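Chain by chain, the residues run as shown.
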Amino acid sequence: EAQVTQNPRYLITVTGKKLTVTCSQNMNHEYMSWYRQDPGLGLRQIYYSMNVEVTDKGDVPEGYKVSRKEKRNFPLILESPSPNQTSLYFCASRGTANTGELFFGEGSRLTVL
Amino acid sequence: AQSVTQLDSQVPVFEEAPVELRCNYSSSVSVYLFWYVQYPNQGLQLLLKYLSGSTLVESINGFEAEFNKSQTSFHLRKPSVHISDTAEYFCAVSRALAGNTPLVFGKGTRLSVIA
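Chains as they are written, first to last, in this note's numbering: chain V, 1 to 113; chain Y, 114 to 228.
Only chain V is shown next, with the shape it has when bound in the complex (with noise of 0.2 Å):
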């Protein structure tokens, strides 16, 4: 089956305490990307990457890092959570044109404390 497998699903983590959230898709996807979903503001996205070895900032980039060293890995890096990064995360992936659908994982809920 055809799937964005993001874990964990649930966070619960104190400030400071680096935590890494990972996204493995099954469908040999060039597009990966990370999204943040908040009340009232949708879905804004984080990083994104085109390829391995290849990653690009998006809109809210700050706090986070992410690393493309396989086609199927993604993984979403907080080196030092704050609370403003309490949020729901989606990771999404895609073939090579952006003509075709986007794929998103079910969610990974972060709460920092």
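Please keep in mind that the hints were generated in silico from the structure rather than gathered at the bench.
It is possible that some hints are incorrect.
Here are the simulated DSSO-like cross-link-like pairs (lysine-lysine), alpha carbons at most 30 Å apart as the crow flies [as the list claims (entries may be wrong)]:
#: 1; chain 1: Y; residue 1: K162; chain 2: Y; residue 2: K182
#: 2; chain 1: V; residue 1: K57; chain 2: Y; residue 2: K220
#: 3; chain 1: V; residue 1: K71; chain 2: V; residue 2: K17
#: 4; chain 1: Y; residue 1: K182; chain 2: V; residue 2: K65
#: 5; chain 1: V; residue 1: K17; chain 2: V; residue 2: K57
#: 6; chain 1: Y; residue 1: K162; chain 2: V; residue 2: K71
#: 7; chain 1: V; residue 1: K57; chain 2: V; residue 2: K71
#: 8; chain 1: V; residue 1: K18; chain 2: V; residue 2: K69
#: 9; chain 1: V; residue 1: K18; chain 2: V; residue 2: K71
#: 10; chain 1: V; residue 1: K65; chain 2: Y; residue 2: K220
#: 11; chain 1: Y; residue 1: K220; chain 2: Y; residue 2: K162
#: 12; chain 1: V; residue 1: K65; chain 2: V; residue 2: K18
Here the structure is a predicted model, which is why all the values come from computation and not from measurement.
Mind docking chain Y on chain V? Use the hints.
The following block gives chain Y in isolation, referenced to the frame of chain V:
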């Protein structure tokens, strides 16, 4: 750069009534347009898309959207809604013929269908 405005943040509607969710976009170049749906506690799923050709596009569950270039709109409609249509709907835009460019989303419209 492209941008999307969804004019209504919340739309309550009675079951079996028609609904229209409005979306306007801004772009200096040709665009592709999409509607995604997010059911409670799930990720987003593609509902329908406009790439080229007929300006009226349809989904398998009765929704349709019409691309209007002169009004820069891509409104989503359904003639008769069901309880199961309760969800958040996102309009999105990307540059046409521009390879693998990011998708820009609107802020979403929460559709609540009332029995």
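Comparing the hints with the structure gives:
{"no.": "1", "hint": "Y:K162 <-> Y:K182", "result": "holds, 15 Å"}
{"no.": "2", "hint": "V:K57 <-> Y:K220", "result": "holds, 20 Å"}
{"no.": "3", "hint": "V:K71 <-> V:K17", "result": "holds, 27 Å"}
{"no.": "4", "hint": "Y:K182 <-> V:K65", "result": "violated, 38 Å"}
{"no.": "5", "hint": "V:K17 <-> V:K57", "result": "holds, 23 Å"}
{"no.": "6", "hint": "Y:K162 <-> V:K71", "result": "holds, 26 Å"}
{"no.": "7", "hint": "V:K57 <-> V:K71", "result": "holds, 18 Å"}
{"no.": "8", "hint": "V:K18 <-> V:K69", "result": "holds, 20 Å"}
{"no.": "9", "hint": "V:K18 <-> V:K71", "result": "holds, 24 Å"}
{"no.": "10", "hint": "V:K65 <-> Y:K220", "result": "holds, 24 Å"}
{"no.": "11", "hint": "Y:K220 <-> Y:K162", "result": "holds, 18 Å"}
{"no.": "12", "hint": "V:K65 <-> V:K18", "result": "holds, 11 Å"}
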